[in-house]
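Visitor: Given next are the chains, with one letter for each unit.
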Amino acid sequence: MTYKKKNQIKNGEKTRRDFLNILLSGGFIAWVGAVVYPLISYLRPPQVEVVKVNSVNIGKITDMDKDSGKIIKFGNDPVIVIKLSDGEFRAFSASCTHLDCIVQYRKDYGQIYCACHNGRYDLHGRNISGPPPAPLAKYEIAIKNDEVTVYKPSA
Amino acid sequence: MKETFNKKIYNALNERFQLDNLVSFLKHKSVPKYRNTIWYYFGGISLLLFIVQVATGILLIMYYKGSEDLAYESIKFINAKVSFGWLIRSIHSWSANLMILAVFVHMFSVYFLKAFRKPRELTWYTGVILLFLSMGFGFSGYLLPWDQLAFFATKVGTDIAGQLPFVGDFLLKLLRGGEDVTGATLSRFFGLHVALLPGVFVVFLSLHLIFIQRQGMSEPEDWKNKKESEKTTIPFFPNFTVHDLLIWLIVINILAILATFFPWELGPKADAFVSAPVGIKPEWYFLFMFQSLKYIPAKVWLIEGELLGILGFGLAGLLWVLVPFWDSKTPKGKRNKIINYVGIFAISFIIIFTILGYLLD
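Protein chains in written order, with my numbering: chain C, -3 to 151; chain P, 77 to 437.
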């Protein structure tokens, strides 16, 4: 076997060394791929199936005081239910549209309030002051035989 | 263009961190080349497997839940739902076992090559501590899936610790977080496995590696009277490093094959009110001790047999660890055959009792 010296190799000619380099670096890249692909798939959390909730019963009309609000679990989502001073029920998504904090009903303001950054919504869920960029999503209320049920708004 | 760019970076770093010293150090570092050079790779293999353990362990923590109610379910979730979750768990379990094996081979080779002799006593001691920590990793990690085998292995293991005189009762409660193996034990073992042990391990591992870099590779006994020119060595960098990498590649392949084709199993969930399954055994690296305890009669004179066995192993272990102290011949350049006999006895004992443990119930 004779090896050509460096200066004897013509331009563009492939040498044994080039071949090995391609083989090794190709193999290395393939190996990295074989490690990185499972790694990234592993890190992506699998979809956890959540039982789909379409309605939640929150008890009798009399269970809630007038002029008060409470947070209920609607599947995985927090929902704020407000009983106005005239006895009317309203429900909104309780996740602030600003940065996802959970809002509360403030009797003293007569408004929905987000404590994180002083966001305020009126009692129709409209953002009226502070940073929230959008209104709270509305949920529907149905009252049957004095039982209050919160419904997901029909899309 | 590229060359000068790399050069520039090197110069900039060199100016700040004096890389030249490091480079000349690496250039001069060499490894003795003779018939036993093969054994010099096992420390590196152990290190590789430890790195694999850290990487896969971090991945497992992302889904594992260390509580009595959720641990088993979270492992099931990793096995069944997470993409490649079964693979990561299988690699972690296999790599743990291979690491213990590599550490044992490393220790015995260092022992027989008398690499523990002056000036390398501290490297030996830190190595022994690393072995014990590795076994601690194995023991604590074994409980985490919270399956039946794990539960009983931990019951038995902590019970043995509880039989030690004076400190036994305290140790038992300390390990279990109460009288029995419960969720409290799981929490403690989880903390040990992912926080305390890794922290302590890294400290001793760093010392171990610094000692080796500082003193260079141990040379065989009979090189003592050789002239420098008669010694055959290979440079640590790049020759030995390239060999090292090649061996790492082989080990990674073995690991991948084992983990893929023999995925680690998960038994039924631990239940404190279910009988121990027939033929239950500890992990293989504890098996020789477990098996030999079975042969000791319940009472020897006035001492309980079990306790005698445990103390015996403790004493033997201590003598083994302290070998640099009682080996007075080797440092003087004489052959110390007793060392070899003791080592051969230890290996035969471990192998015979491990086999017995597997063959007999």
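Possibly wrong hints are sitting among the right ones.
[As the list claims (entries may be wrong)] Selected chain P positions facing chain C (in silico; Cβ < 7 Å):
hint: 1; residue: 92
hint: 2; residue: 159
hint: 3; residue: 162
hint: 4; residue: 164
Please keep in mind that the hints were generated in silico from the structure rather than gathered at the bench.
In this text the structure is predicted, and so the values were computed from the model without any measurement.
We put the CB at the ideal spot given by N, CA and C, even for glycine.
Visitor: Indicate, hint by hint, whether the structure satisfies it.
Guide: Hints and how they fare:
| no. | hint | result |
| --- | --- | --- |
| 1 | 92 | violated (30 Å) |
| 2 | 159 | holds (4 Å) |
| 3 | 162 | violated (10 Å) |
| 4 | 164 | holds (6 Å) |
Violation of the numbered hints given earlier is confined to hints 1 and 3; the remaining hints are satisfied by the structure.
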